[in-house]
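Listed here are the chains, written in short residue letters.
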Amino acid sequence: MATMNLNQYLREIQSSWESRSGTEVSEFLSFNHPHVMSAKLTAEGFEKSVERLVESPLDELVILHLRCLNCVNQQKYLEAYSEQSALVQAFTKLFQTQKEDNWALFIMYVISLDLRMFAIKADKELAKKGADKPGQTLEKAAECLMGLFRVCAADNRSSDEDTKRWGMLYLVNQLFKIYFRINKLHLCKALIRAIDASQFKDHFSLSQQVTYRYYVGRKAIFESDFKSAEKFLTYAFERCHRECRNNKRLILIYLIPVKMLLGHLPTPHLLRKYDLLQFSEVVQAVREGNLRRLNNALLQHDAFFIRCGVYLILEKLKVTTYRNLFKKVTLLMKTHQIPIEAYLEALKFMGVEDIDLDETQCIIANLIFENKIKGYISNSHNKLVISKQNPFPPLAAIMKVCRGKEISVSSFNLFTLGCVDRPNPAASQASGNFAGEAVARQTSTCFSLKNNEIDRKEFINRIKNEFLTKLATI
Amino acid sequence: MAAATFVQGSCKTMCPPDEYEIRKEHNLVRPFETSFLSAVKCYSRSAAGQSAARHKNIRDLTTLENTVKYLFEQVLDRRKTSLAQLYDFVFDRLRAVRQDLVVQGYLEGFSGLRTVTVAKILEYCVRFYIYFQFRLSHLPASAFSSHLNQNHLDECLSQLLHLYSKIEVKNHDLLHQTSHIEIEALDLLLSKNSAGLHRALQLPSKTKSNTIVRNSIEISISLWLGNFVRANHIARGLPLSLQLAYRAHFSLLRPRVLEVYERGYRSPQGTKFPLEKLRRYLLFDTARQTAEFCVDCGLSLDDTGSSVIFKTGTALKFSTTSQSNNLYDQDFEETLENVRVSHFLYGQSI
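If you read the sequences in order, they're chains S and L.
Residues 1 to 474 in full-length UniProt numbering are what the first sequence lists, from first letter to last.
Residues 1 to 350 in full-length UniProt numbering are what the second sequence lists, from first letter to last.
Chain S with its partners taken away, still in its complex shape (with noise of 0.2 Å):
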């Protein structure tokens, strides 16, 4: 095959297109098929040989594909890439004219993936050459493919059988990584409701589907929709043939950092099979509650992170850490109302500069709104005031992910049992619910900071003295 001659190439490529046989001449058509490495195909004069021995309408692709292949030999890529798009567009013209037929898709396949390619080698020599603006071949050779795409979603009279509507989804997945490459993430918006609308959804191919997914799971990231997020990247993950170990490390780039912060953090073992450490001390400091060693983990690996664009999920694991780490000062203080100094301490003692009293009831008043802690802040007192019943939930459980909005049933439920706006203390006490204490104590003022005084300095002893010791273990 590598050192085909012309008349051969030409004589097969002709006969396999006399016999309709789509894998053969998409085979003829690639610059991934081994008859790319004979210099005898781009011999002069080809031009003239192929006129001879091809008929139309194969013989303009083949000539648009032999020049291009001359132009690759010499490196030349943006002009491989101007023949590639021609011969794309032609493509496209004879395809349409094929009525009820599909066997071409096999050739449609592997000239998109091949423009795509030249189109990305032909914008690097751009770049050298101080180019206006990067991209912009990636850019046409989207709009060539989006033609392409009009073609197979504009078959619907043919049968299920011979219809070009199979097509449609390996050619979003080319735009898709073109429109992620060139940054233009909402241009996908289309593709995907095109998708979502065809009858064959669930029946392309099993690796179309994966990357499919893997993509519209990013671009739900993006979007901080992290719940649609995880149910398209772990059906990448999951489905993902077990042999193609790249492509899962890929989508796991972007599914761990999601699940984390859905309150599943990925076990030591993925992450050593799939070569991501990186994550490995982000996934120790949130398990701890330990600020210090995620803001180390973060600015360690924060290059990778960037160009990953998961770097921004990771930070917004700061809130879960804020949680572990406030659950475990609350055990050690033992008791349902926690002076906000203790947290305040916890937080300084973590590394954290410059942080006074008022942040810390803004961490805090956050994490009560996204109902990762029960209970409130008294302001007069400077307590957290937690529920006896589960006060730090298990962070899966917790349904409503942070998308603005959240009711928090759960929380409502708490409060009403028993604990109603005219507190009644011997009711609550008996429910057990958390407001017991403190509303038996409804007809003076709610915790009586004068009698407390003496306990308040007593909890910030605790605090510097057993507590801080305790945490200088982790």
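Simulated from the structure, these hints should not be mistaken for lab results.
Errors might be hidden in some of the hints.
[Unchecked claim] Some chain L residues near chain S, calculated using beta-carbon distances under 7 Å:
(1) Arg-230
(2) Ile-234
(3) Phe-273
[To be verified] Computed beta-carbon distance windows for the label pairs:
(4) L:Phe-36 x S:Ala-190: 33 to 41 Å
(5) S:Arg-150 x L:Lys-192: 30 to 38 Å
(6) S:Glu-18 x L:Ala-195: 47 to 55 Å
(7) L:Asn-210 x S:Lys-124: 28 to 36 Å
(8) S:Gly-130 x L:Glu-334: 47 to 55 Å
[Unchecked claim] Simulated crosslink set (DSS-like; lysine-lysine; CA at most 25 Å straight-line):
(9) S:Lys-99 x S:Lys-128
(10) S:Lys-124 x L:Lys-56
(11) S:Lys-388 x L:Lys-170
(12) S:Lys-128 x L:Lys-166
(13) L:Lys-277 x L:Lys-311
(14) L:Lys-166 x S:Lys-184
(15) L:Lys-311 x S:Lys-124
(16) L:Lys-206 x S:Lys-124
Note that beta-carbon positions come from the ideal geometry of N, C-alpha and C, so glycine has one too.
Following the hints, put chain L in place on chain S, whose structure we already have.
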């Protein structure tokens, strides 16, 4: 777009003579425009079919630069009338300046040092929109359209960032003659979703390591995590124009901030939260404004009127209240009164 469709302006006066004549005839000359020399071309939707002599009505780059300087120093600085009326006039005339830039193709490609001048003009415009967004936000919609102002600010910013990317590719050194650091930080602070942060994180490390940019990123991340206190704290150290922009953006977050504090502090028996404290968190100027905002959102005040009550069972309702976009702040007013408007707009008050 082919260069052939762009016109090369040749008008060397702030207002094309033809236009002045027409406006004089129809009594459309503004009080600011006492004579032809002080007339400034006004904005009009570009009319098609003016091709032949069109270039005579389009001001060249030097004239445009002088026009902007005139508007800032001779109109805004002189302050002969109310801020709102000044804004009206200058807003329209600046729009015409930007229009002249567009039709000459200055916003498309790179034209050497001239692109730097164009960038400067756009930077002045951006500061203009921010300045007035801040100073006129407390006026009713009939006197000042915050929405329209915001649209023009957004448009200008994206045109500027586009120009910077051209300059960066063609002649990186020229970038230092612009205020691209300030503008990148501004764009980030005004960004309504995480797209701005994504973009900022991918800036070249030289830009990112600049204090202003670094602080802006930290502010944005703090807001992203809900840490309003930290964000406000860092923002206080920003240059003036960025502080104004931050406050303008923050006002959009007020409902969320209130929601978080209400949720975090509310108790079954009802917690009293001092308005003065809430005022600081919401960046309102007075406790009264804060009270008004809370009441508009469905909350009640205590008997003394100095605290708001956060109680389980209250449903907050959010609509655009009279106070939600109010940026007025006494301290800032005083600062701005003492700064020459043109100085601020030229970026000299950093």
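Hint check results:
1. Arg-230: 6 Å, holds
2. Ile-234: Constraint on L:Ile-234 not satisfied, violated at 9 Å.
3. Phe-273: 6 Å, holds
4. L:Phe-36 x S:Ala-190: 33 to 41 Å: 52 Å, violated
5. S:Arg-150 x L:Lys-192: 30 to 38 Å: Taking Cβ atoms as reference, S:Arg-150 and L:Lys-192 lie about 33 Å apart, which means the hint holds.
6. S:Glu-18 x L:Ala-195: 47 to 55 Å: With a Cβ separation near 52 Å, S:Glu-18 and L:Ala-195 satisfy 47 to 55 Å, so the hint holds.
7. L:Asn-210 x S:Lys-124: 28 to 36 Å: 29 Å, holds
8. S:Gly-130 x L:Glu-334: 47 to 55 Å: 49 Å, holds
9. S:Lys-99 x S:Lys-128: At roughly 44 Å apart (the allowed maximum being 25 Å), S:Lys-128 and S:Lys-99 break the hint.
10. S:Lys-124 x L:Lys-56: Distance ~43 Å between S:Lys-124 and L:Lys-56 Cα, so the pair is violated.
11. S:Lys-388 x L:Lys-170: Violated, because 65 Å separates the two Cα atoms, which is more than 25 Å.
12. S:Lys-128 x L:Lys-166: At roughly 15 Å apart (the allowed maximum being 25 Å), L:Lys-166 and S:Lys-128 satisfy the hint.
13. L:Lys-277 x L:Lys-311: Judged against 25 Å, a Cα distance of about 17 Å means the pair holds.
14. L:Lys-166 x S:Lys-184: Satisfied, since the Cα-Cα distance of roughly 18 Å is no more than 25 Å.
15. L:Lys-311 x S:Lys-124: 61 Å, violated
16. L:Lys-206 x S:Lys-124: 23 Å, holds
The structure does not agree with the numbered hints 2, 4, 9, 10, 11, 15 stated previously, though it agrees with the rest.
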